[in-house]
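In the order they appear, the protein sequences are chains A and B.
95 is the number that the working numbering gives to position 92 of the first sequence; each next residue is one higher, with no gaps.
623 is the number that the working numbering gives to position 567 of the second sequence; each next residue is one higher, with no gaps.
These are computed hints drawn from the structure, not numbers from a lab.
Here a beta-carbon is modelled for each residue, glycine too, at the ideal position from N, C-alpha and C.
Take these hints with a grain of salt, some might be off.
For lysine-lysine, the following DSBU-like pairs were computed, each having C-alpha atoms within a straight-line distance of at most 35 Å [as the list claims (entries may be wrong)]:
hint	chain 1	residue 1	chain 2	residue 2
1	B	K152	B	K185
2	B	K130	B	K152
3	A	K39	B	K286
4	A	K39	B	K466
5	B	K534	A	K39
6	B	K613	B	K486
7	B	K223	A	K39
8	B	K699	B	K613
9	B	K596	B	K667
10	B	K435	B	K466
11	B	K447	B	K466
12	B	K486	B	K596
13	B	K545	B	K596
14	A	K39	B	K268
15	B	K534	B	K286
Have a look at the derived ranges for each label pair, beta carbon to beta carbon [claimed, not checked]:
hint	chain 1	residue 1	chain 2	residue 2	range
16	B	G436	A	A117	39 to 49 Å
17	B	R428	A	Q114	55 to 65 Å
18	B	S318	A	A117	19 to 29 Å
19	B	K466	A	P60	24 to 34 Å
Okay, here's what each chain looks like letter by letter:
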Amino acid sequence: MPARILVVEDEPELRRAITVRLTAAGFTCDTAGNGKEALLHIERTRPDLIVADLLMPEMNGHELVQQLGTHPGTAAIPVVVLTALPEQSRLQWAQALMRVRVLDKPFDSAQLLAIVQELLRSTPGGSSDG
Amino acid sequence: MTTPIPVLLFEDDEGQALLTKEALEKEGFLVDVCATGREGLSRLLSHEYRVFLIDMKLPDISGAEVLRRINTMKPGAVSVIVTGHGDEVAAVEAMKTGAYDYIVKSPYMGHLAALPTVIRESMDRQHLKQEREQLQSEVWEQARLLEERNAELRRANEELKRLDQVKSDLVSMVSHELRTPLATIKEFTAILADQIAGPVSPSQQEYLGIIKTNIDRLARIIDDLLDAAKIEAGRVLLRRGFMDPAALVAHIVQSLQPLADSQGLVLETRVPPSISGVFADTDRITQVLVNLVSNAIKFTSGPGRVTINVEEQANEVQFNVTDTGCGIAAEDLPKLFQKFQQVRRESPAGTTKGTGLGLVISKRLVELHGGRIGVTSVKGAGSTFSFTLPKYHVEEVFREYLKSGLEHAKQQQHHFSIIVLSVVNFQELKALYGLEETTRLLRELETTLKETVRRGAGDIVIRWQRGEMVVVLAEVDKTGSESIADRVKRTVGARVFTVNDRQISVPILTATATYPEEAATDEELLRLTERQLRRPEKPKTSIMVVDDEPKIRQFLKEALELREYDVLAAANGPDALEQLKRSRVDLVLLDVMMPVMNGYEVYHLLKEDPKTKEIPVIIVTAKGERKDRELGIDSSSYNYLSKPFQLEDLLAKIRDVLQNGKR
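Just chain A, same shape as in the assembly:
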């Protein structure tokens, strides 16, 4: 079973680019336009990993991660946070959140894939094959 990734990004074109890239790497992708949509989606289908933008309308990436953390069923889902405000966001994530990684925009696809695979490998029940 290929790993399932939820791509949460409010810019449709970037969302599409990421989805194309991850699908090409063998992952199954679902998409959401903000944190709220993401949570609704997660209730139906639990992803193995989430790629989420930081600044989004309705519910931003930071709130999304916090929401996920409050439920035992979702607290362990690894998240790659994409940000266009590198330094500020890094500080916000300075806490020892092992399952969250921050990636600055514009990012390298190779970097994104490496982080995704590493997070999936280190998550129990996750699979790194793509």
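Start from chain A and add chain B according to the hints.
Just chain B now, with coordinates in the frame of chain A:
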């Protein structure tokens, strides 16, 4: 002839008025007389007078009242009080309320001779006073203008600040708005280049490569702009700590070696093996050095050489980056560190272009660290860029680091914890293996700690205060800090260290304190951990100093306390015996020559009491005072110390007596 000076005289005695008028008019005054206060005051409305002569006793209103009204109607007018004998008190009162002078009537009008002078002097005084007031009002005016100017400047300054803020906000907003579309472009370019969307011809591949290079360049420009704007707005918070220059240089070489290789350049380093640590934000200084070294590589065509050389100076460490490149013209040197003043330097084909902001950012960052940056260059022969950083002074640096870390956490509404580690048997280790070996051991311990505390979760500040402290600072909550402490304790506990070819383990204690749960200030954080780490203190050896000379007593007390003894002082024998009833004492230092009771008497009383007879005593004597023979006692049973003695002798004697238990 000068115009006569108009005078109004208030005088009800007609004869006196007439005499006064005559006397004054001979001296160049023109006198109007009024017999009552009311009459005179009404004249004031229609006539101009320079001087008012006022008799204190008028039939209708008092002279004091007349004076008051004149001063109200004609502020600053010259008034002179004319008063009868014995009425000087009222005249002096009148002076306080605005009269310029007073004159006492003499029975035969003899005072009239002096009156013109009194009036003229009063007028002179008025003149001086007016001048002074004039000057003062000019000064006030100047001050007011200055204040207005200041207010204008303040407004302008605020406006500038606001504009500056707008500019920074704009820059960071724009940077942010640019990054997302750039990410989309970059990702789709990569998707095409990776042939995910279908096969790509070699020339298409090449063009995609050019697009990618330029996307990366644009991204770098955005980063630099954002950085420069932030630095200028003073919004860069340095996260300073201990930084090892050697490790920094090694890191730089590792990441830039491929770039140097690709241009056929030798990248070499010269770092003294025992270089001091510096107090710096490692990320920021890495940024500076990467900028300088990559510039050097960029502007040097192979075969050439780029050298990173680190030198230690009195209070600073200096980093030099020297290249054998094209050099910079002397007239361009000052422009290098100015904004958007990219000096056109021919960079070898194929290298990436800069943003013109790198050196500006580097300069600001170095200056924020309290260092200096500069350049020397010879056109055609190469350049050397140098910067300095202040050395690491443990305690002050630690304090600043702690403060800034906490400040940062407060701003970000984060937790902030300090985790303090202490080597349990540090003093013993030092005694057993010597300072040098112990210091080496501590360094090894530091390395282990750094490996254990992952960077990102915390920063290690080594503060071997009293040789036994390490502090980890981290933006973690109580649970997080306890888990770090626990991890460190387990890792260090499990490790075997080698000291003088012996394998030992180093037991450590840990303590943690967290903001905001447990403490609100840096002081409180420290105090909290120190309290947790405080070990039951071994009771100090207590010495009683008995001497009648206060200065000697004080000197001995201070000297011994400095050497970690507890000291009780007594001024004479009875005082000493009294104190000994209450306090535990391990040794008595006894002067012989004392009033009331001499040292020998005290000694024997001590030895007779079963409670004190075991306490060893050192008897301090001047030459020729020894009376042991006289007293028929074997001198070997005394511990003598002869005056004058060196402090070292005393300390040696104390150690000796305490160890051998000699009395």
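Taking the numbered hints from earlier one at a time, note which ones the structure violates and give those numbers from smallest to largest. 10 and 17
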